[in-house]
Amino acid sequence: DTEVTQTPKHLVMGMTNKKSLKCEQHMGHRAMYWYKQKAKKPPELMFVYSYEKLSINESVPSRFSPECPNSSLLNLHLHALQPEDSALYLCASSPGTGAYNEQFFGPGTRLTVL
Amino acid sequence: DAKTTQPPSMDCAEGRAANLPCNHSTISGNEYVYWYRQIHSQGPQYIIHGLKNNETNEMASLIITEDRKSSTLILPHATLRDTAVYYCIDIGSNYKLTFGKGTLLTVNP
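Line order of the protein sequences matches chains V and D.
Each residue of the first sequence is one higher than the one before, starting from 4 at the first, in my numbering.
Each residue of the second sequence is one higher than the one before, starting from 885 at the first, in my numbering.
The shape of chain D in the complex, shown without the other chains:
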């Protein structure tokens, strides 16, 4: 079973920042926080990952709290093409991706 919890759905206006929260209540010290997304009928797409520090790449920013029990994925300027299911996943030494139900982000014009 998935170890993370996410809201089932969120809405965001096009051009605004989308902030997607995730709770990692049972994360252990050697587990990474990963975010993937899946646009309808496509394969999942890697977005970003981190261990302790905040991370940023060309797609998004990842904010991890100091106790690592929660994280936030930030899409700085959401577009209609960002409408997708977003998954946060804790991955440790067994390197298995266990997807939860994710958050359906709908970007509205």
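Isolated chain V (complex conformation):
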């Protein structure tokens, strides 16, 4: 299995809802990432997990809460989001976190906040 899967593909939520995005990989990768991509903009890094521990938080608001239950799974819990949080949320994984490790991206979850 050489892919990163993300569910759901699309999500519509209200500002008072709580929802979660899921990302999974079975390549034995030990680093996993969340990115946010607004329309017509490049992806922006949000979080990095290395060996199931959070190693980078790019000053993301607390309404986004990442979780890495095991080495294959990465979640992003969403609560009290704003309409400006509507975006494509991308997950990626890599064998490790050295600069020589390419990242493999999932197809993304397109989130709309009403």
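Since the hints were derived computationally from the structure, they do not count as laboratory data.
Positions of the beta carbon are idealized from the N, C-alpha and C atoms, including for glycine.
It is possible that some hints are incorrect.
[Unchecked claim] A few chain V residues that don't get close to chain D, going by computed Cβ distances all over 12 Å:
no. : residue
1   : Leu14
2   : Val15
3   : Met16
4   : Gly17
5   : Gly31
6   : Gln40
7   : Lys43
8   : Val51
9   : Ser53
10  : Ser58
11  : Glu61
12  : Glu70
13  : Asn104
[Stated by the list, open to error] Lysine to any residue pairs mimicking SDA-like chemistry, simulated, CA-CA at most 25 Å apart:
no. : chain 1 : residue 1 : chain 2 : residue 2
14  : V       : Lys41     : D       : Lys985
15  : D       : Lys980    : V       : Asn20
16  : D       : Lys980    : V       : Val15
17  : D       : Lys980    : V       : Ser75
Based on these hints, arrange chain D on the given structure of chain V.
What follows is chain D alone, placed relative to chain V:
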């Protein structure tokens, strides 16, 4: 902010080679040059990376100048499916991908 600069757009005829340039004016000695692309509404796709030497794989070739201040990604026989935004990125010990605006390559029939 992204450290690389790329032309915003390029066109290429189908079947011809596409040569995409990138300037790495502030690259340091331990930083790798990476290329990714993103086809519309899909996740980015890794293409190739290198440190000092030129590299080739089944997708593309990467040419890095001797001073490492510029690189060129070469798609030898572009197809319509190669239409995408292409990003070049310098990655060092912090292993963070910082995407710039990239180059929109349009392959025309």
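Problem - Those earlier numbered hints the structure runs against, lowest number first - result: Checked against the structure, the hints that fail are numbers 6, 7, 8, 9, 10, 11, 13, 15 and 16, while the rest are satisfied.
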